[in-house]
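2 protein chains.
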Amino acid sequence: MDIFQYHQINAPQRLLMGPGPINADPRVLRAMATQLIGQYDPYMTDYMNEVMALYRDLFKTKNYWTILINGTSRAGIESILISTIHPGDKVLVLVFGRFGHLLCEIARRCKAEVYTIVVPWGEIVIPDKVEDAIKKIKPKLLLTVHGDTSTTMLQPLQEIGDVCEQYNVLFYTDATASIGGNILETDKWKLDAVSAGMQKCLGGPSGTSPITLSSKIEKVIRKRSCVESGIRTQEHKDGCNEIIYSNYFDLSMIMDYWGPQRLNHHTEATTALYGSRECARIILQDGLNKNISRHKKHGRAMLAGIQAMGLEIFGNINYKMNNILGVVIPLSINGNQVRKIMLEDFSIEIGTSFGALDGKIWRIGTMGYNARKDCVMQTLCALDSVLNYLGYRTVQGASLQAAWDYYEKHNND
Amino acid sequence: MDIFQYHQINAPQRLLMGPGPINADPRVLRAMATQLIGQYDPYMTDYMNEVMALYRDLFKTKNYWTILINGTSRAGIESILISTIHPGDKVLVLVFGRFGHLLCEIARRCKAEVYTIVVPWGEIVIPDKVEDAIKKIKPKLLLTVHGDTSTTMLQPLQEIGDVCEQYNVLFYTDATASIGGNILETDKWKLDAVSAGMQKCLGGPSGTSPITLSSKIEKVIRKRSCVESGIRTQEHKDGCNEIIYSNYFDLSMIMDYWGPQRLNHHTEATTALYGSRECARIILQDGLNKNISRHKKHGRAMLAGIQAMGLEIFGNINYKMNNILGVVIPLSINGNQVRKIMLEDFSIEIGTSFGALDGKIWRIGTMGYNARKDCVMQTLCALDSVLNYLGYRTVQGASLQAAWDYYEKHNND
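Chains B and D, in that order, are what the protein sequence lines are.
Residue numbering for the first sequence follows UniProt numbering, starting at 1 and increasing by one per position.
Residue numbering for the second sequence follows UniProt numbering, starting at 1 and increasing by one per position.
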């Protein structure tokens, strides 16, 4: 190995219009370039407290335990599931895309007895079905993704929250793809736990998972509390009852680290915390509702432009997330070839999907820093050109005109 | 909450001379401010391959599976333990500080049958003892910390590696605190798995854990291979045998993501990867041996200066890590008061320790970006002043003179 062949990072300037990660807001990257401070520095613990407050507002909750997990989105999911599920617990999972399968899989690894309501990809789950299943199964937890990027669907949660409350079922959702770009009401929807990620509508880099926990689920988690033997003192109770399978994801220990006890667990990822704080600060200073409207506006403009190319939209459009669009790849077209030309000749990235949808749909995102008019127009323009180049004919100018028309009508949205 | 009271990150300029995190190399922070690219962008997968190559050189190994875990140091530990240990497996853990206890705890959570060799804090474990224990217990794995910051001790591993090979025991070490600042020879010492962290001698921020796996341990891990149902296709084998307790830390899935298959798992934390690549690149361009010598030189200069204040060193000095020093707090002195004045009046952070050593010793680091003469001199100067201010008398000028003398003698080290 010739080490001098390894140069500085020199990543190409991409426009990331796929399902995420998308381009990070440059203000977030600048915040992350800040020099480190110690993990118990009063400035650091103040920043941790500020992060808790900021994310309470993003999650629309009063939950005290609103904290960061040091890992990607699925680290947040796993921390909640492994800390809450006892082996043998019944959980009911709504599956309407890849990430519903992920919830099942993680729950199974926690040794839950997993029940599912599965609907075809492109649809959402009807709340009535959920009540029937809850009555029959009597689960301890109900797990669902909020917005599943694999299918672009956004599952309505309010009625399900009411049902969960009525039957005393703990209610969890994975809001990685939806938070910041779609309405999410943790307290109003009676959610007991929500986890998220940075790399979608929040405009940051992957690597941190904000979570929030209700006091009800906190009590369930605290029953398995345990202080590490290396830092345990006389004041702490001996040993550990029903120890959970993970140390890294043991939320009672992570709460003791974020809470007033400040009991050492991991070494908080300071740089990631700086970035997460800046993501939330930018959105909240702009206004959360305004941020959601921005996602809706640019998502709809993209939709109008895509439809004007004569392309078919995947899934039930009434339940589409604001920030992502599934586009059925025309039979005459090689989807990967389009993505390759978009990337190589225009430096624009769009996505495909997973499993059965791999190569069948493109996924085009308009989220976070890239929920902007210029990003929408550039993407439509390039895609229209590439399709025509490959022999798929569109009406000249129609796609961009549809977007312009949409913007003109919704100038004040 | 008044969101406009939340200002830009404006962390104070600290000199972090504790046990880590320490100040990140500014070149690393700049690399991390690079804009994102997609996770399957050819530039991204090239960077992932480069990271594998760079960390092979840092770990001194030819192991193909040399990759990053997206989480702090203990995420790397847990990924290896949870992917390797079957419930009921016997593991032998060497415990000579807090982080040995952590290994026991994580192993117990993996449902291992845990055996320990415990020595008093400040000592290391004699290899003869290890052979006796292995003969008696016949463990599947031997786990040990390499350098334990809680006590500053560096456990010699070469002879233990020979013993492990002889008795066919898998050999793991946590090199978080030692890597880059002390000799670590993965292949020569016959280590099957090593995990590390960024925030000590590598000069980066916490949040990423580089790991390396021998082909022998890979085989053990692969037996529990499993492809997520959401992305499983006809080509993959059905279902999962002996599924491990974690999805996030399932190394067979993480290998499939880093390997030529590029099977989606988490969304790689791009910013953290940029930083980890830059840490390794800087050290290797400078020369790994030179980097270790630098840690030795400045660590010894700090030691000379501290001893010249008449302070007692904690632990067996023959086995001290290059990058960290335990200093017994004089009985007449309140250790936390000293740390507070150091931080508030000089903006210099030094550490205390954990458990029984909390408030009994200070821990002073000279590592990563802060293994520098100016950092040593500033820290000695400030500590000497604070001690005298609080009534602990030193010989005027003796501490700094001792450091100067050391540097003069070892100018060319």
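Hints were generated in silico from the structure; no laboratory data involved.
It is possible that some hints are incorrect.
The list treats identical chains as interchangeable, and a pair is accepted whether it falls inside one copy or across any two copies.
[Unchecked claim] Taking lysine-lysine and the DSS-like style, the derived pairs with C-alpha atoms no more than 25 angstroms apart in a straight line are: (1) K340 to K296; (2) K373 to K138; (3) K188 to K135; (4) K138 to K90; (5) K111 to K90; (6) K90 to K290; (7) K111 to K223.
This structure is a prediction, so every number in the text was calculated from the model and none was measured.
Evaluated hints:
no., hint, in the structure
1, K340 to K296, "neither (28 angstroms within a copy, 50 angstroms between copies)"
2, K373 to K138, "neither (47 angstroms within a copy, 65 angstroms between copies)"
3, K188 to K135, "within (23 angstroms within a copy, 61 angstroms between copies)"
4, K138 to K90, "within (7 angstroms within a copy, 38 angstroms between copies)"
5, K111 to K90, "both (9 angstroms within a copy, 22 angstroms between copies)"
6, K90 to K290, "neither (39 angstroms within a copy, 57 angstroms between copies)"
7, K111 to K223, "both (18 angstroms within a copy, 19 angstroms between copies)"
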